[in-house]
Structures are given as structure tokens and as C-alpha cells.
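Visitor: Let the hints inform the model, and build the full structure from the sequences given.
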Amino acid sequence: MVNFIWLFFILAGFVVAAINGNIEAVTQAVFDGAKTGVTVCFGLISILVFWLGIMRIAEDAGLLEKLAKLLRPIVRFLFPSIPDNHPALGYIMSNMSANILGLGNAATPMGIKAMQELQKLNGNKELASPAMCTLLALNTSSITLVPTTLIAIRMSFQSLNPAEIVGTTLVATFISTTAAIVVDRWYRRRYWHSRH
Amino acid sequence: MYGLISLISAWAIPVIIVFIPLFAAYKKIPTYESFVEGAKDGFDTAIKIIPHLVGMMVAITVFRASGAMDLLIGVFRPLLDKVGIPGEVLPLAVLRPITGAGSLAFTTDLIREFGPDSMIGRIASTIQGSTDTTLYVLTVYFGAVGIRKAGYALKVGLISDAVGFIAAIAICFLVFS
Numbered sequence: 001m002v003n004f005i006w007l008f009f010i011l012a013g014f015v016v017a018a019i020n021g022n023i024e025a026v027t028q029a030v031f032d033g034a035k036t037g038v039t040v041c042f043g044l045i046s047i048l049v050f051w052l053g054i055m056r057i058a059e060d061a062g063l064l065e066k067l068a069k070l071l072r073p074i075v076r077f078l079f080p081s082i083p084d085n086h087p088a089l090g091y092i093m094s095n096m097s098a099n100i101l102g103l104g105n106a107a108t109p110m111g112i113k114a115m116q117e118l119q120k121l122n123g124n125k126e127l128a129s130p131a132m133c134t135l136l137a138l139n140t141s142s143i144t145l146v147p148t149t150l151i152a153i154r155m156s157f158q159s160l161n162p163a164e165i166v167g168t169t170l171v172a173t174f175i176s177t178t179a180a181i182v183v184d185r186w187y188r189r190r191y192w193h194s195r196h
Numbered sequence: 001m002y003g004l005i006s007l008i009s010a011w012a013i014p015v016i017i018v019f020i021p022l023f024a025a026y027k028k029i030p031t032y033e034s035f036v037e038g039a040k041d042g043f044d045t046a047i048k049i050i051p052h053l054v055g056m057m058v059a060i061t062v063f064r065a066s067g068a069m070d071l072l073i074g075v076f077r078p079l080l081d082k083v084g085i086p087g088e089v090l091p092l093a094v095l096r097p098i099t100g101a102g103s104l105a106f107t108t109d110l111i112r113e114f115g116p117d118s119m120i121g122r123i124a125s126t127i128q129g130s131t132d133t134t135l136y137v138l139t140v141y142f143g144a145v146g147i148r149k150a151g152y153a154l155k156v157g158l159i160s161d162a163v164g165f166i167a168a169i170a171i172c173f174l175v176f177s
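One line per chain: the protein sequences are A and B, in this order. Per my numbering, numbering of the first sequence is gapless, rising by one per residue and ending at 196. Per my numbering, numbering of the second sequence is gapless, rising by one per residue and ending at 177.
Do not take every clue at face value.
Claimed, not checked - Derived DSBU-like pairs: lysine-lysine, alpha-carbon spacing no greater than 35 Å straight-line:
id, chain 1, residue 1, chain 2, residue 2
1, B, Lys40, A, Lys69
2, A, Lys113, A, Lys125
3, A, Lys125, A, Lys69
4, B, Lys155, B, Lys82
5, A, Lys69, B, Lys48
6, A, Lys113, B, Lys28
7, A, Lys125, B, Lys27
8, B, Lys27, A, Lys113
9, A, Lys69, B, Lys28
10, B, Lys149, A, Lys120
11, A, Lys66, A, Lys125
12, B, Lys155, A, Lys69
13, A, Lys113, B, Lys149
14, B, Lys48, B, Lys28
15, B, Lys28, B, Lys40
16, A, Lys69, A, Lys120
17, B, Lys40, B, Lys27
18, A, Lys113, B, Lys48
19, A, Lys113, B, Lys155
20, B, Lys48, B, Lys149
21, A, Lys69, B, Lys82
22, B, Lys155, B, Lys48
23, A, Lys113, A, Lys69
By construction, these hints were calculated from the structure, which means they are not laboratory data.
Guide: In C-alpha cells:
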């Protein structure tokens, strides 16, 4: 899919430029695009270095576990099928708290461990269980407190207020996660009814 | 209400960077040493994105410079104008669930083209920041445990992406205009 999209952009650009008679624009765009790509990544260094430093302090101070504990009632509500004290619950809570703090690198291994635990509870090993679908929904719509990458990009292009999108992003991510939970519940109920 | 959202934008980062070290100091953690240790990862993370972003940035810049982008958006614009969605951000709705690097490059392109403080720049930033790459997450998470049938998970992911897309546009118009 990604391969197709990438090829489509380049090919369609080439064809349209050829028809319009401005093929020089393609060559120029290649250099401009590559340069922007590198410039933006270098712009990311400043914010990412600082942010990951702060987040390491949070990790060392045990804030992730604290946050995970706060999430426990929510996780219990979202995953009623998991038995109490099952290891999956702990991994799910860690996965969610890492997502909230924007630690994608820490969230993914925790999420996969949670999936492995859920797979042990799953009757049909090839079909995703409802709990697995819920965990996936939480990760695809992931609530993030501070969108660091976007702030860095906005800084690279001289925004007057790079962080002004923190609030709007938070509200949007909250709404999409709520939608994910509601839709997931709806499908889960239908799934349950079709089985009983 | 909308003032509150702007207030969150202004206060979130300062509060976080004061609260975390303060809490760590209370827990007797060597804050500065922890900071430096974690900060080392930031450089690698940023550098590792370069190949992805350069590849996607070139493709999207070629697409825009050739005039193909205007053609594509032109097709949908009459319809989108009626519901108040800026046509320029529409490709982002399609790219966001499929490719993280592609949508990041597209967002960057919109910010470069229209400016970070334009309505389009703000909307694109909000969309990009508020959701993850659904198809990628699904492949990684289910692939890791050998799930072949995703059940209804894909539908849930895509519906919530669509809701997030519309919500991002609506919120930006409410807060920034």
C-alpha cells in the first residue's frame, strides 16, 4: 500500500508535469523535497533530545507506574473479559501510559506483550478476540498529551506559537479515542450476539 | 471553553517540565543525570526518520510542483466547500491511517506551503498529532501474535480516524477563528 502511494505521487507528478510542459519543476521539486526532509529531521533533534530526557526522568521516578495505576479502573471497564490480576492488565496499563506520554518506542513492546497475553486467553488463535480489538482501537487512536514532532516542525517553519496546537490536538485525540471505544463496544455487542 | 483550550496549549509544556523533575527530586532521583541519559536517544530517533521523510517529501513535493495536487484537490473542492472542509487537507485523511511518514511529509508540505500559523497549517498539525497510523499499528500488533483475521478491528480504527479528522477541523475553526 505504501509502495503504491509513493509510486503514485511520483508517477502522477511526472505525467502531469510532462503534459503541462513544466518538467523542470520535477527536478527542482526532487531537490527541494529532499532538502526539506533533512531540514525537518534536524529540526526534530532539538525537541526530541529535550523531551526524551524529561521523559527518562519521569520513567526513573516511577511516574509511568503511577499513571498506569490511575488508569486501572478505566482498563477494568474497557476489558471486562480479562480475569483479575492477569498479567495482560499490567501490560495494557503500561502501554496506555507510554502512549499518553508520547513514548512510542516504549509503548509498542508493552502493547505486543499485552497482545501475547491476550492471545493466551483467545479461543481461536487466528481470529482477533474482542479484547484484542479494544487494545488495537486504543493504540490506533492513541491519546497523546504533547505532540512533540508537530511542535518541532512548526518551529522549523518559524511559527509564532508552535505549541498552540497542543490543546486542539488533545481535544481531537480525546474525541477520536472516545469514538473508537464507542464503536468498538457496538461491534463487540454484535459479535457477542452472533455467538450466543 | 475555547479560551480553556488555548490555556491548555500555553500551560501544558511548562507544567510538565517543572512537575516531572520536581516529582523526581522528591523521589530522590538524580534528575539531571536521568535527563542526559534519556536525551541521548533523541538524536538517534530524529536521525532514523531521515530516509522515510526524504523519500515521502520528494514524492509529495513532485506531486505538488507538477500541478497534480491542484488537479486532485480541484475534483473534490466543490463538494468539500459545501461542508466547509478546506480541500487542501483532504489527502491527509486518506494518508494518515496508511502511512505515518507519508502523512508527516504531507503535513510538512502543507505547513511549508501555507505557513504553520495558517488555518490549514493548524488543522494539518492537529490531524497529524491526534491519531496514529491505523494500518501500521494493526500489522505490527496482530502480526506479532499471528492473528490473521482482524475481525472488526480495522473498521473501528478507520471510523475513529474519520471522526478524529472531522473533530480536528471543527475544533481548529472554533478555537482559531
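Visitor: None of the hints should be skipped; say for each whether it holds.
Guide: Going down the list of hints, with the structure as the test:
no., hint, in the structure
1, B:Lys40 - A:Lys69, "28 Å, holds"
2, A:Lys113 - A:Lys125, "16 Å, holds"
3, A:Lys125 - A:Lys69, "30 Å, holds"
4, B:Lys155 - B:Lys82, "27 Å, holds"
5, A:Lys69 - B:Lys48, "33 Å, holds"
6, A:Lys113 - B:Lys28, "30 Å, holds"
7, A:Lys125 - B:Lys27, "43 Å, violated"
8, B:Lys27 - A:Lys113, "28 Å, holds"
9, A:Lys69 - B:Lys28, "21 Å, holds"
10, B:Lys149 - A:Lys120, "16 Å, holds"
11, A:Lys66 - A:Lys125, "33 Å, holds"
12, B:Lys155 - A:Lys69, "30 Å, holds"
13, A:Lys113 - B:Lys149, "19 Å, holds"
14, B:Lys48 - B:Lys28, "34 Å, holds"
15, B:Lys28 - B:Lys40, "22 Å, holds"
16, A:Lys69 - A:Lys120, "24 Å, holds"
17, B:Lys40 - B:Lys27, "23 Å, holds"
18, A:Lys113 - B:Lys48, "24 Å, holds"
19, A:Lys113 - B:Lys155, "23 Å, holds"
20, B:Lys48 - B:Lys149, "32 Å, holds"
21, A:Lys69 - B:Lys82, "46 Å, violated"
22, B:Lys155 - B:Lys48, "31 Å, holds"
23, A:Lys113 - A:Lys69, "18 Å, holds"
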